[in-house]
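Asks: Listed below are the residues making up each chain.
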Amino acid sequence: MKEVISEWKDEKRFIIAKKKLVNIRFPKFKNFFLWISILVIMFLTSCAIVPEWIAPYSPTAMRSDQILLAPSLQHLFGTDYFGRDVFSLVVHGSRPALLIGVCAVLVSSLVGSAIGMIAGYVGGIVDVIVMRIVEMMQSIPGVLLALALAAAMGPSFRNLVIAIAISAVPSYARVMRGQVLSIKNRPFILASRSIGTANSVIFFKHILPHSYSPLLVMASNGLGTAILTSSGLSFLGLGVVSDIPDWGMLLSQGRNYIAAGWWIATFPGLAIALFVLAVNIIGDSLRDYLDPKKRMV
Amino acid sequence: MLKLLVNRFLTALIVLFGSLFVVFSINYFLPTDVVDTLMSMNSSDPEVVQNLRRELGLDLPFHTQFLNYITDIFHGDFGTSAIDGEPVINKILTQFPDTVLLTLASICIAGAIGLTLGVLSAVHQNTIVDYVARVIGLFGISMPTFWSGILLILIFSISLGWFPAMGSEGFSSLVLPSVTLGLVGAGFIVRVVRNSMLEIIHENFILTLRAKGLSERVIMYRHALRNALIPAITMIGVIIGDFLGGTVVVETVFARQGVGRLVADAIVAKDLPVIQGVVFFTAILYVVINLVIDISYSIIDPRIRRNQLGG
Amino acid sequence: MGATLLDVNDLTVGFKTKNGLLTAISNIFLTIKPSETICLVGESGSGKSVMAKTIMRLIDYDNGIISKGRIQLEDQDLTALSNKELNRIRGKKIAMISQEPLSAFDPVFTIGDQLVETMVKHLKLSKKEAWQRGTELLAKVGLSDPAIRMKQYPNELSGGMLQRAMIAMALSCHPDLLIADEPTTALDVTIQSQIIHLLNSLKKEFNMAVLLITHDLGVAAQLADRIVVMYAGTIVEEGTVEQIFSQPHHPYTSGLLQSIPSINSKKEEKLFSIEGSIPNLSDMPEGCRFHPRCPFATEKCRLESPPLNIIEGQKSACWHTSDLIAKKSFSVAEKQGKSLQYRVSIKPANIAKEPLLEVRGLSKYYPIKYSRKKIKAVDHVSLKRFIKGKHLD
Numbered sequence: 500m501k502e503v504i505s506e507w508k509d510e511k512r513f514i515i516a517k518k519k520l521v522n523i524r525f526p527k528f529k530n531f532f533l534w535i536s537i538l539v540i541m542f543l544t545s546c547a548i549v550p551e552w553i554a555p556y557s558p559t560a561m562r563s564d565q566i567l568l569a570p571s572l573q574h575l576f577g578t579d580y581f582g583r584d585v586f587s588l589v590v591h592g593s594r595p596a597l598l599i600g601v602c603a604v605l606v607s608s609l610v611g612s613a614i615g616m617i618a619g620y621v622g623g624i625v626d627v628i629v630m631r632i633v634e635m636m637q638s639i640p641g642v643l644l645a646l647a648l649a650a651a652m653g654p655s656f657r658n659l660v661i662a663i664a665i666s667a668v669p670s671y672a673r674v675m676r677g678q679v680l681s682i683k684n685r686p687f688i689l690a691s692r693s694i695g696t697a698n699s700v701i702f703f704k705h706i707l708p709h710s711y712s713p714l715l716v717m718a719s720n721g722l723g724t725a726i727l728t729s730s731g732l733s734f735l736g737l738g739v740v741s742d743i744p745d746w747g748m749l750l751s752q753g754r755n756y757i758a759a760g761w762w763i764a765t766f767p768g769l770a771i772a773l774f775v776l777a778v779n780i781i782g783d784s785l786r787d788y789l790d791p792k793k794r795m796v
Numbered sequence: 006m007l008k009l010l011v012n013r014f015l016t017a018l019i020v021l022f023g024s025l026f027v028v029f030s031i032n033y034f035l036p037t038d039v040v041d042t043l044m045s046m047n048s049s050d051p052e053v054v055q056n057l058r059r060e061l062g063l064d065l066p067f068h069t070q071f072l073n074y075i076t077d078i079f080h081g082d083f084g085t086s087a088i089d090g091e092p093v094i095n096k097i098l099t100q101f102p103d104t105v106l107l108t109l110a111s112i113c114i115a116g117a118i119g120l121t122l123g124v125l126s127a128v129h130q131n132t133i134v135d136y137v138a139r140v141i142g143l144f145g146i147s148m149p150t151f152w153s154g155i156l157l158i159l160i161f162s163i164s165l166g167w168f169p170a171m172g173s174e175g176f177s178s179l180v181l182p183s184v185t186l187g188l189v190g191a192g193f194i195v196r197v198v199r200n201s202m203l204e205i206i207h208e209n210f211i212l213t214l215r216a217k218g219l220s221e222r223v224i225m226y227r228h229a230l231r232n233a234l235i236p237a238i239t240m241i242g243v244i245i246g247d248f249l250g251g252t253v254v255v256e257t258v259f260a261r262q263g264v265g266r267l268v269a270d271a272i273v274a275k276d277l278p279v280i281q282g283v284v285f286f287t288a289i290l291y292v293v294i295n296l297v298i299d300i301s302y303s304i305i306d307p308r309i310r311r312n313q314l315g316g
Numbered sequence: 009m010g011a012t013l014l015d016v017n018d019l020t021v022g023f024k025t026k027n028g029l030l031t032a033i034s035n036i037f038l039t040i041k042p043s044e045t046i047c048l049v050g051e052s053g054s055g056k057s058v059m060a061k062t063i064m065r066l067i068d069y070d071n072g073i074i075s076k077g078r079i080q081l082e083d084q085d086l087t088a089l090s091n092k093e094l095n096r097i098r099g100k101k102i103a104m105i106s107q108e109p110l111s112a113f114d115p116v117f118t119i120g121d122q123l124v125e126t127m128v129k130h131l132k133l134s135k136k137e138a139w140q141r142g143t144e145l146l147a148k149v150g151l152s153d154p155a156i157r158m159k160q161y162p163n164e165l166s167g168g169m170l171q172r173a174m175i176a177m178a179l180s181c182h183p184d185l186l187i188a189d190e191p192t193t194a195l196d197v198t199i200q201s202q203i204i205h206l207l208n209s210l211k212k213e214f215n216m217a218v219l220l221i222t223h224d225l226g227v228a229a230q231l232a233d234r235i236v237v238m239y240a241g242t243i244v245e246e247g248t249v250e251q252i253f254s255q256p257h258h259p260y261t262s263g264l265l266q267s268i269p270s271i272n273s274k275k276e277e278k279l280f281s282i283e284g285s286i287p288n289l290s291d292m293p294e295g296c297r298f299h300p301r302c303p304f305a306t307e308k309c310r311l312e313s314p315p316l317n318i319i320e321g322q323k324s325a326c327w328h329t330s331d332l333i334a335k336k337s338f339s340v341a342e343k344q345g346k347s348l349q350y351r352v353s354i355k356p357a358n359i360a361k362e363p364l365l366e367v368r369g370l371s372k373y374y375p376i377k378y379s380r381k382k383i384k385a386v387d388h389v390s391l392k393r394f395i396k397g398k399h400l401d
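Chains as they are written, first to last, in my numbering: chain A, 500 to 796; chain B, 6 to 316; chain C, 9 to 401.
Source of the hints: derived by calculation from the structure; they are not laboratory data.
It cannot be assumed that every hint is accurate.
[Said to hold, decoys possible] In the EDC-like style, the derived pairs of lysine to aspartate or glutamate whose C-alpha atoms are separated by at most 16 Å in a straight line are:
1. Lys212(C) x Glu44(C)
2. Lys41(C) x Glu93(C)
3. Lys159(C) x Asp306(B)
4. Lys92(C) x Glu52(B)
5. Lys308(C) x Glu294(C)
6. Lys129(C) x Glu82(C)
7. Lys211(C) x Glu44(C)
8. Lys129(C) x Glu221(B)
[Said to hold, decoys possible] To give an idea of the interface, some chain C residues facing chain B are shown, with a C-beta separation under 7 Å as derived from the structure:
9. Ala112
10. Asp114
11. Thr126
[To be verified] Taking CB as the label site, the calculated pair distances span:
12. Arg685(A) x Lys132(C): 22 to 32 Å
13. Glu204(B) x Ala697(A): 30 to 40 Å
14. Gly81(B) x Thr696(A): 41 to 51 Å
Where is the CB? At the ideal position from N, CA and C, for every residue including glycine.
Bound conformation, chain A alone (with noise of 0.2 Å):
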């Protein structure tokens, strides 16, 4: 290579701006942390659907002898007051939460976008009437609006997934209405639509193609968001009721001990914490893949 003749000798702390290759060079931390959060969904997908074979315990059985005992090998996350091994009982309770925030999820993106992507293509009367109803939705925080419904509707597993799922579905309707709106006016619609293609060829198979980079996005930065709506709303007492608690119910639980056992409460957030930020990280980085690359520039 020539000799360097150009350097930047001051304000080197100030970045020097990439054009074209942005993001798509990931700095080896960052692909680190992607593969781990990988491996963690992996490994809580399967707590989720065998926990049998990876939780020690029983996470019913309550062994009075044993009440309270601080993290150790037998309990790696302690007991509860019940003698219930946290561990087990952090592991059987994933499934509730993947499962809410999984129904949810697909409840709301696929409704929403439905939604939206009717209300941008069909436009005019049907376009208006669509997005004041999505507005008045959205005039409620999300969280409220799925509290005021969950608590009208009671308690059950089916109402849950449809409280967090109206919640959430106005972000999606919007979203996807955008997306149709930005792509129905470009050339080659127009074009195709010269030819005499119909509607209904035009939008399955050259809008749709095009709009769910975004949806994807969303669905999995909304899949977090659901669990920690459903794992909040069982912590106030709305959650599904029963004899396996899932994580929100161990936190409150947990609360009420929290000076006798600190490892009720923490360690069941953690699995929260640590899935919704796994699934976060993913969303992150399949935003990351899918943008620039697609980004004419």
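Following the hints, position chains B and C against chain A.
Replies: Showing chains B and C alone in chain A's frame:
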């Protein structure tokens, strides 16, 4: 410009009306209602139930009930608590100041941390500051408040004894709760600010500014920042909404007085009118705040402010 | 004439990529005298924009590295200066105007603010004085109501107005050299000629040297004193306007000149274009870079890269210049054996009697939001009948 304001205001009214409709509908279409709650504590003689329903006007058709509801709201009557019969509006207003305090403190923390870190992280990309900012960003949006709150209590109250774990008295009791909420907000703000700064930095006009010989500092902190703030401001509306919802959990964890705690207790007691009343009250607040943000947004962004092409 | 203003000496610039250093321009020698107008001509990808940005040391922001050479501005070597020192030169001694006027302005500041900020920094004027001067400058570049324009935001002005404002901004500190990177490409033809006139008068008034970058030889002809032709990152020809247009010395230049459509060309003639396309940066041909597309190429061209030879002040990088001039066989089109006539001639006999399409009284209105008025795009238009076999004139 005036047209814009009027338009926004009218839209806000419509939205408000709509949210009222939503809240009311939730209540109306429920399988259970207030009477059931009351009855569960007393006898459940169907005759009595029916009479009570008629008395409370709960067997009237939808539109009549809705109209009654609206007129009531207009008069400030948000219904009465199913548990102790007190007017809901009174309960809300007594608890309101504490929640406002908490929300304001949290916004300050979120804004201060979020803005500084967001800007610094974009300007000094791939340095320590950037990594710290990105970590805080990720943790902020991932940690459940009921967990981070408990952790903070564990560390700073129980172990170190610096701040009280509960209560609403005095400044020191405000610290931990507002940090809990504030970190979440900071997480959001850092991410939004950082992303929009990074986008701005690659715009063409930055090249022109460099060609004019302006120092990097001026370009970043005067030009890029001001452009980046615009999308960030829209975020603030969302964050305030999240905070309003988040106070439910945080006030419970820290046993603070406040509207959130009111709702949390009402949930346990199945006191529907209170929950409804709070939700609607929050909706009004939220719509007003968003209206203000909307209006200030159109003032700040010149592209929106004057939308005609000169000759 | 006097001392040179800018002296580029054996400049080589590359970009840092994953796969190493990608060379964008190599071994560039260029001198610009004060008040001279030089035009860098070339296709997209020839490296001309890189040249412009390198002179102002702006490619460093794009991961560019000057791997060889010097850029001498009067008595300073620009390649050796720190960013702070460069910032004293940018905007003051060298100024730049770019292609897309709207994206050259910060959308959230007024035109006035952006004009003033350069003057305050470089000329140490007070804001008031700078504002006054800015208004005068806007008048000078031909903007009406300059005082009002100063207070307006970029999105309120049209493309042509913004281009003028950008020129005013560049000239505000009386630079010695103005670099104009495709200043007319994004404008429509009428505005284009206005801007060219403006640039011509301003450069005389401000006594500036101008480095004009364009792919449009027509624009070059109107503005330049000398033309430098670039291809694939190197200079292939250099000469005065008269020299280049009357007798190009390089096959590429000749090809470029023949590609210009003229108003005199017959309808039946095909438009000429040079075969092939510009090579990829990472995939440069050996020897003379133009040889794969050159109809005069010989074995020598494939093996060795020709040096710049000078004939009466006109430089060209070709092994065969003298032969080609002597034989007067410089028409690339003829050499390529391209027939300039279409094979199929238009038979007038098949014109149908019935119209294919008829448009009568067509109007299209666009409603403006919130008002009763409408923009009338098309109002009661009737078109002549389209007849099969003929196109509409």
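Asks: Next, verify each hint and record whether it holds.
Replies: Tested hints:
1. Lys212(C) x Glu44(C): Holds, because 10 Å separates the two Cα atoms, which is no more than 16 Å.
2. Lys41(C) x Glu93(C): This hinted pair is violated, its Cα atoms lying about 23 Å apart.
3. Lys159(C) x Asp306(B): OK: lysine 159(C) and aspartate 306(B) at ~15 Å, within 16 Å.
4. Lys92(C) x Glu52(B): Answer violated: lysine 92(C) to glutamate 52(B) is near 89 Å, above 16 Å.
5. Lys308(C) x Glu294(C): Distance of about 11 Å is within 16 Å: holds.
6. Lys129(C) x Glu82(C): Measuring from Cα to Cα gives roughly 22 Å; hence the hint is violated.
7. Lys211(C) x Glu44(C): 9 Å, holds
8. Lys129(C) x Glu221(B): With Cα atoms ~13 Å apart, lysine 129(C) and glutamate 221(B) stay inside 16 Å; holds.
9. Ala112: 4 Å, holds
10. Asp114: Check passed: Cβ of aspartate 114(C) comes within 5 Å of chain B, closer than 7 Å.
11. Thr126: 5 Å, holds
12. Arg685(A) x Lys132(C): 22 to 32 Å: Violated: the Cβ-Cβ distance is about 49 Å, outside 22 to 32 Å.
13. Glu204(B) x Ala697(A): 30 to 40 Å: Given range 30 to 40 Å: holds, Cβ gap about 37 Å.
14. Gly81(B) x Thr696(A): 41 to 51 Å: 57 Å, violated
In summary, the numbered hints that this structure violates are 2, 4, 6, 12 and 14.
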